[in-house]
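Chemist: Please construct the entire structure, taking both the sequences and the accompanying hints into account.
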Amino acid sequence: MKFLCVDCDAQMKSVESAAPGDGTMAITFRCPNCDRQVAMLTNPMETRMVDSLCVDLSDSAAEAQPFESVRSHLETRHPDPSGPDPVWSDEAEKRLGRVPGFVRGTVRKLYMEWARERGLSEITLTVMDEARAQLGIEEM
Amino acid sequence: MSPSDRRRTYAELTEGTAADIAGQLAERRQRLERRLAGVRHTLAVLSGKGGVGKSLIAANLAACLADQGASVGVLDADLNGPSMPRLLGVERSSLRVEGDGIAPAVGAAAVKVMSMDLWLEGPDSPVRWRGTESGSFLWRGTLEANALREFLSDTAWGDLDYLILDLPPGTDRIAPVHDLLPGLGGALAVTIPSELSRFVVSKSLTMVKELGIPIVGYVENMSGYLCPDCGRIGPLFSTEAAPFEGVPRLAAVPFDPRFGAEGDAGRPDVLGRPDAPAARAVRDLARAVRQFYENGS
Ligand SMILES: Nc1ncnc2c1ncn2[C@@H]1O[C@H](COP(=O)(O)OP(=O)(O)OP(=O)(O)O)[C@@H](O)[C@H]1O
Ligand SMILES: [Mg+2]
Ligand SMILES: [Zn+2]
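Each protein sequence line maps, in turn, to chains A and B. Position 58, counted from 1, in the first sequence is what the numbering used here calls 61; the numbers after and before it change by one each time, with no gaps. Position 82, counted from 1, in the second sequence is what the numbering used here calls 66; the numbers after and before it change by one each time, with no gaps.
Simulated from the structure, these hints should not be mistaken for lab results. Because the structure is a prediction, the values reported are computed rather than measured. Quick reminder that beta carbons are idealized off the backbone N, C-alpha and C, glycines included. Check each hint, because a few of them may be wrong.
Unchecked claim - Here are the in silico distance ranges between beta carbons for each label pair:
hint : chain 1 : residue 1 : chain 2 : residue 2 : range
1    : B       : 167       : A       : 43        : 37 to 45 angstroms
2    : B       : 241       : A       : 116       : 54 to 62 angstroms
3    : B       : 257       : A       : 124       : 44 to 52 angstroms
4    : A       : 129       : B       : 241       : 52 to 60 angstroms
5    : B       : 259       : A       : 124       : 49 to 57 angstroms
6    : B       : 107       : A       : 36        : 54 to 62 angstroms
Modeler: See the structure below:
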């Protein structure tokens, strides 16, 4: 998926993505030339279609962890095998579950890193709120 | 010429998307190729028909080959009805990272196993994908294809002589495997001497042929009933098993309650009672499989 600013003949760059939590998704693109912005809005069905492809659409797509899609899409699973990661409380996991899957992986990593840096062993709603404020990841 | 006269096409926008989806997909393919570079032979066990003993035979074949000195891995491709850890007596333990993958579990005769079962919370947990409660069909297939790909590419298989894939029932289940593994080395069909099984299995074999996958042969399972009292083998079905034309019959495994019970309890009977008729049949099968891969026939 690419966006072209027709007037400038310039490829637009994604500047932000937001997930209001109802399954919809908005990704904003800006023309580097004229600053015009467009937003791509997806309904829950479309969001899931992109989600099920299991590709990370966010800008900072890191290399996929082993079994990334099994880990992020399976309802019940063994504890994360990568070792002493902070655990997610049920409520926190549920809130994270509202983030569309195609950015969820990245958002999860952000929270994990944030918690790990602070030596936290559990990610709760409070931890999420705090991290959110500091990381500036509104609505996620 | 104004921009709208000739708009640049997708391919002409060379900056790539920020997320570089094509790059991610290429990276996946390379990961799979790297992983399978250490695997000498791949074999899919299939039938099309459910409950004919694919998994029991696959487990015994794997244990037999391993017992004879081969390094063997089993990929439980039955994502929704995984049975391999159980059939190979794998202890439930937590998964651990090994290098750039997840270590497979180890079962009877040191056979390496990767199965959806290992990812579930407990022995009774069903496989439930997030967000597939309503209208699941669309993305369920994609999620399963992704899981299968990860089973292949993200399991730290190490060097294997044989990687055996136990397929779920369904005549079309070989297609997604072929998509991921175009170089699949062979398919082994399991059938029972009933008209219905024959009918369904021949559909699967047609599919296998159309995909250009080499057919190793077929196993006739439950080819007779082994009387536990007198040890004689009598007919189990009223029909004689008609052969599949042009497909070699590699072994005939009798219905033997102990072979089944031991297997279901995680003790492949081919190792436990090597002199029983079912065990001998499994060894016939193992020999035929080795011959197929070693001599190319
Ligand atoms: N030759 C045999 N003697 C005794 N029991 C057998 C024999 N073959 C299969 N069974 C038993 O039949 C049951 C079904 O076998 P199995 O699960 O291997 O079939 P399957 O084809 O893999 O089924 P599915 O299509 O559901 O994957 C098992 O309990 C198994 O132990
Ligand atoms: Mg089975
Ligand atoms: Zn512009």
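Chemist: All the hints need checking, so say for each whether the structure fits it.
Modeler: Hint check:
{"no.": "1", "hint": "167(B) - 43(A): 37 to 45 angstroms", "verdict": "holds, 38 angstroms"}
{"no.": "2", "hint": "241(B) - 116(A): 54 to 62 angstroms", "verdict": "holds, 55 angstroms"}
{"no.": "3", "hint": "257(B) - 124(A): 44 to 52 angstroms", "verdict": "holds, 50 angstroms"}
{"no.": "4", "hint": "129(A) - 241(B): 52 to 60 angstroms", "verdict": "holds, 58 angstroms"}
{"no.": "5", "hint": "259(B) - 124(A): 49 to 57 angstroms", "verdict": "holds, 55 angstroms"}
{"no.": "6", "hint": "107(B) - 36(A): 54 to 62 angstroms", "verdict": "holds, 59 angstroms"}
Comparing the model with each numbered hint stated earlier shows that all of them hold.
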